[in-house]
Amino acid sequence: MKGAYLDNSATTPPHPEVLDLMSRVQEQFFGNPSAIHYKGIEAKRIITAARRQVANVLGVREQEIIFTSGGTEANNLAICGAARRNRKRGDHLVTTAFEHHSTINCFRYLEKEGFRASYLPVDASGMIDLEMLQHEIGPATTLVSIIHVNNEIGTILPLTAIGRIIKTKNPRTLFHVDAVQSFARLTLDPEGWQADLISCSSHKIHGPKGAGCLWVKRGTPLDPLLHGGGQEAGLRSGTENTAALAGFGLAARISGSAQGKKETAFVTLKRTFLKRLEESGIDFSVNGPEPEKAAPHIINLAFPGIKAEMLLHALEEKQVYVSAGSACHSRHPEPSHVLKAIGLKDDLLTGSLRFSFSILNDLDEITLAAKETTDAVEYLRSLFK
Amino acid sequence: MATILVRYGEIALKGKNRGQFEQQLHRNLKGALHDLEASVTRHRGRFSVNCPDAVLHQITIRLGRIFGLTSFSPVYETVLDIEAIKEKAAGIVRDLPDSKNTFKVKARRSNKDFPYSSPELNRILGAHLLHSYPGLAVKIDDPSFTLEVEIGYHKAYLYLERISGPGGLPVGTCGRALLLLSGGIDSPAAGWLAMKRGLSVEAVHFHSFPFTSRHSLEKVVDLCRKLVLYGYKLPLHQVSVTKIQEALRKNCPDELGVILLRRMMLRLAERLCGQRKLQALVTGESLGQVASQTLESIDVISKATRMLILRPLIGFDKLEITGIAEKIDTYQTSILPFEDCCTLFVPGSPVTKPKLAVVERSEQNLDLEFLLDEAMKTLETQIIR
Numbered sequence: 022m023k024g025a026y027l028d029n030s031a032t033t034p035p036h037p038e039v040l041d042l043m044s045r046v047q048e049q050f051f052g053n054p055s056a057i058h059y060k061g062i063e064a065k066r067i068i069t070a071a072r073r074q075v076a077n078v079l080g081v082r083e084q085e086i087i088f089t090s091g092g093t094e095a096n097n098l099a100i101c102g103a104a105r106r107n108r109k110r111g112d113h114l115v116t117t118a119f120e121h122h123s124t125i126n127c128f129r130y131l132e133k134e135g136f137r138a139s140y141l142p143v144d145a146s147g148m149i150d151l152e153m154l155q156h157e158i159g160p161a162t163t164l165v166s167i168i169h170v171n172n173e174i175g176t177i178l179p180l181t182a183i184g185r186i187i188k189t190k191n192p193r194t195l196f197h198v199d200a201v202q203s204f205a206r207l208t209l210d211p212e213g214w215q216a217d218l219i220s221c222s223s224h225k226i227h228g229p230k231g232a233g234c235l236w237v238k239r240g241t242p243l244d245p246l247l248h249g250g251g252q253e254a255g256l257r258s259g260t261e262n263t264a265a266l267a268g269f270g271l272a273a274r275i276s277g278s279a280q281g282k283k284e285t286a287f288v289t290l291k292r293t294f295l296k297r298l299e300e301s302g303i304d305f306s307v308n309g310p311e312p313e314k315a316a317p318h319i320i321n322l323a324f325p326g327i328k329a330e331m332l333l334h335a336l337e338e339k340q341v342y343v344s345a346g347s348a349c350h351s352r353h354p355e356p357s358h359v360l361k362a363i364g365l366k367d368d369l370l371t372g373s374l375r376f377s378f379s380i381l382n383d384l385d386e387i388t389l390a391a392k393e394t395t396d397a398v399e400y401l402r403s404l405f406k
Numbered sequence: 006m007a008t009i010l011v012r013y014g015e016i017a018l019k020g021k022n023r024g025q026f027e028q029q030l031h032r033n034l035k036g037a038l039h040d041l042e043a044s045v046t047r048h049r050g051r052f053s054v055n056c057p058d059a060v061l062h063q064i065t066i067r068l069g070r071i072f073g074l075t076s077f078s079p080v081y082e083t084v085l086d087i088e089a090i091k092e093k094a095a096g097i098v099r100d101l102p103d104s105k106n107t108f109k110v111k112a113r114r115s116n117k118d119f120p121y122s123s124p125e126l127n128r129i130l131g132a133h134l135l136h137s138y139p140g141l142a143v144k145i146d147d148p149s150f151t152l153e154v155e156i157g158y159h160k161a162y163l164y165l166e167r168i169s170g171p172g173g174l175p176v177g178t179c180g181r182a183l184l185l186l187s188g189g190i191d192s193p194a195a196g197w198l199a200m201k202r203g204l205s206v207e208a209v210h211f212h213s214f215p216f217t218s219r220h221s222l223e224k225v226v227d228l229c230r231k232l233v234l235y236g237y238k239l240p241l242h243q244v245s246v247t248k249i250q251e252a253l254r255k256n257c258p259d260e261l262g263v264i265l266l267r268r269m270m271l272r273l274a275e276r277l278c279g280q281r282k283l284q285a286l287v288t289g290e291s292l293g294q295v296a297s298q299t300l301e302s303i304d305v306i307s308k309a310t311r312m313l314i315l316r317p318l319i320g321f322d323k324l325e326i327t328g329i330a331e332k333i334d335t336y337q338t339s340i341l342p343f344e345d346c347c348t349l350f351v352p353g354s355p356v357t358k359p360k361l362a363v364v365e366r367s368e369q370n371l372d373l374e375f376l377l378d379e380a381m382k383t384l385e386t387q388i389i390r
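Here the protein sequences line up with chains U and W, keeping their order. When the letters of the first sequence are read in order and numbered with our numbering, they come out as residues 22 to 406. When the letters of the second sequence are read in order and numbered with our numbering, they come out as residues 6 to 390.
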């Protein structure tokens with residue numbers, strides 16, 4: 022293949038087996054899974070199998086998997102559902118300043134409903150201050166929501182330590198983890214983290230869009246967002262998207278197998294990419310954590326003096342696809358809240374790109390991407406200096 | 006089946022033009038309705054559209070966009086018989102709400118073979134309605150409804166309302182022009198005004214990947230889809246000015262960048278007009294909005310071509326232009342924040358009073374013919390319908 026798709030934290034290309042399974046499910050198992058005749062029973066069976074596959078990757082009971090339309094809905098269900106259900110016990114919620122928008126905007130919305138929210142600041146590597154976390158949690162704190170792997174800069178949060186602090190300070194505070202960027206790529210440890218809720222998504226692991234799940238530890242008090250026929254243990258009404266869930270299950274199984282080997286492969290891709298860029302001699306720096314300490318599939322780079330969007334489009338012309346953490350139109354600058362939270366200076370804010378890898382990338386693509394990046398940076402510098 | 010009587014501004018027409026005008030309007034009507042189950046018939050000084058009731062609403066919306074129409078009315082038809090006309094009139098009035106309790110009748114006899122004159126018809130029908138509905142009263146000044154009756158050669162038409170048409174001249178009766186379409190608010194409005202005066206319009210968009218996003222192209226296509234509703238075919242030409250911008254960056258003073266780029270655009274537009282046999286350029290320039298639209302700038306820019314340049318917006322305020330953009334539904338698309346070719350290269354302090362001699366001197370650093378030839382090689386055309 023010409024070019025390189027390096028925007029895998031936005032979405033991944035689906036596995037061919039997943040597509041194949043989905044089209045077969047859509048054709049044959051179209052019954053409403055709630056129907057009591059055979060067409061319903063066989064569709065229900067497909068969903069149960071998918072639930073088992075996802076639960077296996079997470080290492081949890083399958084009854085605890087609540088399927089949703091994706092990561093955003095899982096985060097909404099976890100955060101709004103937990104906050105509202107537990108309002109009698111308290112009105113205080115804690116998160117970090119560099120969460121995904123689906124978390125941040127839930128918190129902002131709940132503030133309008135009268136909840137109090139704390140946004141923990143992060144340092145230049147995206148790390149929170151654990152003492153500050155401990156200080157924030159009080160008797161009225163009902164929920165702490167923390168991202169496992171930050172989607173823009175790849176920081177891995179120390180969830181075991183965080184979980185210990187939360188549960189020591191207030192055992193009744195619920196702990197939600199947004200694991201959309203880590204599920205089936207890094208090892209997840211719900212028990213070790215002492216988590217109560219974990220969000221996962223399908224299309225980040227070569228599954229279809231429109232599917233995801235929230236793991237809800239047994240006994241966790243939660244209000245549904247959608248009311249209706251009582252599907253998904255009453256937490257998510259609506260006729261299930263059988264084919265997408267089947268695809269999600271299979272993608273989880275494929276991606277979740279041999280995880281250790283994959284982490285090594287990601288590390289190699291990332292090291293090679295950085296090495297090639299360093300060899301080229303262009304001026305750039307790494308945003309966020311040290312590359313070796315961050316998630317192996319995400320790297321965010323700053324190219325001083327260059328507008329990230331132009332670089333992105335220049336790479337696009339060479340079929341290299343990446344993402345600009347910040348949108349930089351001259352009329353409507355909207356710097357990324359993540360890069361702002363880690364204290365990036367203005368010229369780097371508008372000059373940063375995220376490269377994110379998947380198990381489908383190979384070393385040739387990485388080498389090509391590094392070369393095209395070098396060429397594009399030199400070309401743009403020649404015009405704009 | 007429903008019938009709509011369609012009227013156009015015949016008074017403004019003289020001599021030979023009239024036939025051409027009517028033929029073009031007939032073509033435009035058929036073009037605008039080609040995908041609906043509707044037939045268009047030409048009468049003396051009128052058109053009528055016959056369609057199933059189900060598409061009547063859609064057709065009235067489309068007629069509202071056909072330049073040259075002054076008004077149109079959904080009508081009730083009867084045979085040419087006074088009893089049939091009386092019965093139809095009573096039927097129409099029966100369905101009106103009680104608040105419509107004062108009226109007048111306004112008859113018009115085009116077919117002089119019909120035995121009753123217009124005043125006689127007014128009297129007969131008025132008396133019939135008063136007799137049928139005792140609550141009604143005749144009121145010549147400001148009645149709550151007016152029943153109009155037209156006696157044609159084959160049928161009589163009765164109707165209660167006249168819906169205003171957009172006026173103007175039928176697209177295609179006044180020549181062919183090339184619209185410079187940037188993607189902003191102004192140029193679609195300028196194109197619409199040009200079409201309103203009977204010009205058949207083609208559009209050209211200058212882009213500069215990778216300095217701008219491919220989204221800008223989507224945006225221009227969307228704008229053309231809105232404009233084409235007022236004509237029935239709109240060829241959209243796209244030309245890359247990336248190489249020209251590179252040459253300007255390298256060889257010319259920054260502060261003249263916008264002026265020089267616009268002069269190059271006019272030269273490219275002139276070449277395109279030659280190829281496409283177009284007679285004039287249409288731009289969205291309005292006096293004094295930005296640095297490149299001072300009188301001096303417009304003058305220096307337009308001296309790059311000998312073509313006639315029409316500037317329909319020259320006397321309009323920003324608010325008036327926005328009003329047109331909202332009316333033709335291009336505003337929401339235009340304000341989407343994608344850069345156009347110029348914004349990214351706008352120097353800190355652009356020249357507002359350029360001197361032609363200075364501009365021409367800095368163009369001597371450029372191989373104009375080569376740059377224009379190369380740019381024209383990037384020409385891509387699509388027909389928007």
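Quick caveat, the hints were computed from the structure, so don't treat them as lab data. Virtual Cβ for every residue (Gly too), placed ideally from N, Cα, C. Among the clues, some could well be false.
Below, in silico cross-link-like pairs of lysine to aspartate or glutamate (EDC-like), each with a Cα-Cα straight-line distance of 16 Å or less [what the hints assert, rightly or not]:
| hint | chain 1 | residue 1 | chain 2 | residue 2 |
| --- | --- | --- | --- | --- |
| 1 | W | K255 | U | E399 |
| 2 | W | K109 | W | E153 |
| 3 | U | K339 | U | E386 |
| 4 | U | K314 | U | E157 |
| 5 | W | K308 | W | D259 |
| 6 | W | K248 | U | E338 |
Which chain W residues face chain U? A few, computed with CB under 7 Å, are given here [claimed, not checked]:
| hint | residue |
| --- | --- |
| 7 | F216 |
| 8 | R254 |
| 9 | G262 |
If you check each hint against the structure, which ones fail?
-> 4, 5, 9
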